[in-house]
Amino acid sequence: MKHLTARLVILLMLALMTITAIYDYFRLVREREQLVEQTREDARVFAETLALAVRWNVRRGRTTEELQELLTEILARPGLIGVGIYDPDGRVVATSVAEGKPASTRDDAIQEALKRKEAASLMLEAGGAQILSHIQPFRWPGGRTAAVEVRQTLEGVERQFGRAIRERLLSRLVVLTFFVLSIAAVTRWSIARPIRALIEGARAVGQGDLAQRIHLARPDEIGQLAEEFNRMAANLEAAHQEIVQQGDERLRLEQELQRAQKLAAVGMLAAEVAHEVGTPLNVISGRAEALERTIPLDHPAHRHLDVILKQTERITGIIRALLDYTRPRRPVLRQEVVLPLLGRVADVLLGRTRAKGVRIQLDLPVVLPPIQGDADQLQQAFLNLLLNALDASPPGGIVRVSAGDEPVLPAEGRVGIMRGKAETPCLAIHIVDSGNGMTAEQLAHVFEPFFSTKGRGQGTGLGLPIVEEIVRAHRGEVEMLSVPGNGTEVIVRLPLAPDRAGDPSGAVPEHAPESRNEGR
Amino acid sequence: MSTPRILVVDDDPEMRALLLDELRNEGFEVAEAADGAEAVLAVRGREFDVILMDKNMPGPSGLDLIPGFRRTCPRSRIIMMTAFGDVSSYVEAAEKGAVEYLFKPFRMEEMKAAIRKALGSDVASEGEPRGEPA
Chain B
1 MKHLTARLVI LLMLALMTIT AIYDYFRLVR EREQLVEQTR EDARVFAETL ALAVRWNVRR
61 GRTTEELQEL LTEILARPGL IGVGIYDPDG RVVATSVAEG KPASTRDDAI QEALKRKEAA
121 SLMLEAGGAQ ILSHIQPFRW PGGRTAAVEV RQTLEGVERQ FGRAIRERLL SRLVVLTFFV
181 LSIAAVTRWS IARPIRALIE GARAVGQGDL AQRIHLARPD EIGQLAEEFN RMAANLEAAH
241 QEIVQQGDER LRLEQELQRA QKLAAVGMLA AEVAHEVGTP LNVISGRAEA LERTIPLDHP
301 AHRHLDVILK QTERITGIIR ALLDYTRPRR PVLRQEVVLP LLGRVADVLL GRTRAKGVRI
361 QLDLPVVLPP IQGDADQLQQ AFLNLLLNAL DASPPGGIVR VSAGDEPVLP AEGRVGIMRG
421 KAETPCLAIH IVDSGNGMTA EQLAHVFEPF FSTKGRGQGT GLGLPIVEEI VRAHRGEVEM
481 LSVPGNGTEV IVRLPLAPDR AGDPSGAVPE HAPESRNEGR
Chain P
1 MSTPRILVVD DDPEMRALLL DELRNEGFEV AEAADGAEAV LAVRGREFDV ILMDKNMPGP
61 SGLDLIPGFR RTCPRSRIIM MTAFGDVSSY VEAAEKGAVE YLFKPFRMEE MKAAIRKALG
121 SDVASEGEPR GEPA
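Residue numbers (my numbering), protein chains in the order written: chain B, 1 to 520; chain P, 1 to 134.
Only chain B is shown next, with the shape it has when bound in the complex (with noise of 0.2 angstroms):
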């Protein structure tokens, strides 16, 4: 900063000098010829007085003797160092010289005068100093020309000339003084600091302060340009809020949505188990149970039993701890919005859509009546439906979501299946892919649990029977419409909220009682 400033003051210093210094050159040389024009002058009217003196003494007889006495007497004027007398030949008649100063005169310059009776003025150069000469002609007696020479040094002129100059360079210095140094403070005050603050500000917000403001109460451009600083960095610190906060909301649902997949897939092998074994085991426990009732109670066999049946117990118990881990929580039905939760799953599957080269197309009209249903859960449901039609469609394809009552793929040559039952008003989001389509015979099984038509180890068999638990739950329906060769659609159909329904008992009702699963 103090560059810009040094530099603003010497570029003015300097065009500031130039002009006064041309200026002052000029006019100094001016007065310079003035000065010397008004001594020329004067010696001229000297020389005149004098040849007027010596015309008239030499008429009165006057002897050399004299003449020398009146020039000798001349010559103490100030500014004189020679004075002489020359008769119409040419010859000294008398002379004088002032002490120490050079006696030289130019012969030939006389003797011009004397012939063209003219009065001469012209300048010698002697011993470094310059010497005025005015030669004067007047009539000798006998009608002839003689002349005066008056010589003067310029001294004088020189002094004052030099005088002159040193008062100019004094005041121009002052002048030029005082100049710089209210630039250097002016600029120093409304250029140097306010622009250090805005480096400084500006440099605050590079490194990240955001909230950095710049306070100059400034009308003028600089003023403006801190203003400028400000709403930018306001729009920067908003703009930064607000990616913070959408990373953070989108980490924390995609954590929580990845949480509940894993749960509800764990809920899903445990119920499978739990299947599995439960046929198995209630068939030892019932073939335990008919011995224990056939053999004699002190038989000692009736030990070997009790351990049988204690033991089916235990593993009983064990699955059902699992299953109580893994049950999939009840939803908590309110009114939602369905749009941004769709809009928050295809937020989540933002990355995954850029590296497939799928889009997820939302074509839903802004306002769709509110739904009875619990958020999160919703959430899992269309991440695993979207998941499924982003992983059927090819690099370039679309992914459609839409809301309508009839089905977006043609009814020609088009295969479904439905899971469970809507009984009140619904509303219907559809997501159609841009794949390959399902034969019937593999619609038939898709909502099976480890049922997959994905490469394997790729999809975990669980996403559709998650979904349908989750739209059960939600007394919806999901129905999964395929064309062969021309896409797969998924329609999730999910009661609207009691007062847009027409129906203020439209809540789900509760779940069985888990007395019942506790079984005896």
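Warning: the hint list may mix true and false statements.
To be verified - Pairwise CB distance ranges (calculated):
(1) P/G97 with B/V266: 11 to 21 angstroms
(2) P/G97 with B/G343: 36 to 46 angstroms
(3) P/R71 with B/A301: 46 to 56 angstroms
(4) P/R71 with B/G247: 51 to 61 angstroms
(5) B/G416 with P/R24: 40 to 50 angstroms
(6) B/A301 with P/A17: 37 to 47 angstroms
(7) P/A17 with B/T353: 49 to 59 angstroms
(8) P/E14 with B/G247: 48 to 58 angstroms
(9) B/V266 with P/P58: 24 to 34 angstroms
(10) B/A290 with P/R71: 31 to 41 angstroms
(11) B/A290 with P/R46: 52 to 62 angstroms
(12) P/E14 with B/A301: 19 to 29 angstroms
(13) P/R24 with B/E406: 50 to 60 angstroms
Read the hints as simulated data drawn from the structure, not as lab findings.
Positions of the beta carbon are idealized from the N, C-alpha and C atoms, including for glycine.
Please build the complex by placing chain P on the supplied structure of chain B, with the hints as guidance.
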């Protein structure tokens, strides 16, 4: 009062055998079916007082069969069996008209109690006197 007739529908032969043994011991007249198709054939031939049916079977599930049974033999009371923890199918079965529900593994006493309860339930009183055994 004639001997109540019970149809056991389960795809697991050991389970079926166990149930048949227990019910015969109790003095019931029993028949068996290994899947939905056999069950449909069985109810076409004769009327049962109770149908004890597993939910999970190859082909149509127990839940799928209930509506048909409700139509063809409305006086038969249906008891569903399924693995424990299968709460959602309990709800569905109850809605479709099953009167009792047993979660495997259940005690034989529990099963017998459910059958006695089903036999004494409303459907029986509504119905006409049962026909003679074939």
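Hint-by-hint comparison with the structure:
Distance hint for P/G97 and B/V266: a CB-CB separation of about 33 angstroms, inconsistent with the stated range 11 to 21 angstroms. A C-beta distance of roughly 42 angstroms is found between P/G97 and B/G343, which places it inside the suggested range of 36 to 46 angstroms. The hinted range of 46 to 56 angstroms is satisfied by P/R71 and B/A301, whose Cβ atoms lie roughly 48 angstroms apart. Between P/R71 and B/G247 the beta carbon distance is about 57 angstroms. The supplied range of 51 to 61 angstroms therefore holds.
Range check, B/G416 to P/R24: Cβ separation about 44 angstroms, and the 40 to 50 angstroms hint holds. Under the hint 37 to 47 angstroms, the C-beta atoms of B/A301 and P/A17, about 21 angstroms apart, miss the expected range. With their beta carbons about 54 angstroms apart, P/A17 and B/T353 fall inside the hinted range of 49 to 59 angstroms. Range check, P/E14 to B/G247: about 56 angstroms between beta-carbon atoms, so the 48 to 58 angstroms window is met.
Between B/V266 and P/P58 the CB atoms are about 26 angstroms apart, so this pair conforms to the stated range of 24 to 34 angstroms. In this structure, B/A290 and P/R71 meet the distance hint of 31 to 41 angstroms, their C-beta atoms being roughly 36 angstroms apart. At roughly 27 angstroms, the beta-carbon separation of B/A290 and P/R46 lies outside the given 52 to 62 angstroms, and the hint is violated. The hint said 19 to 29 angstroms for the Cβ distance between P/E14 and B/A301, and at roughly 21 angstroms that hint holds.
At roughly 55 angstroms, the beta-carbon separation of P/R24 and B/E406 lies within the given 50 to 60 angstroms, and the hint holds.
Comparing the model with each earlier hint shows violations of hints 1, 6 and 11; every other hint is respected.
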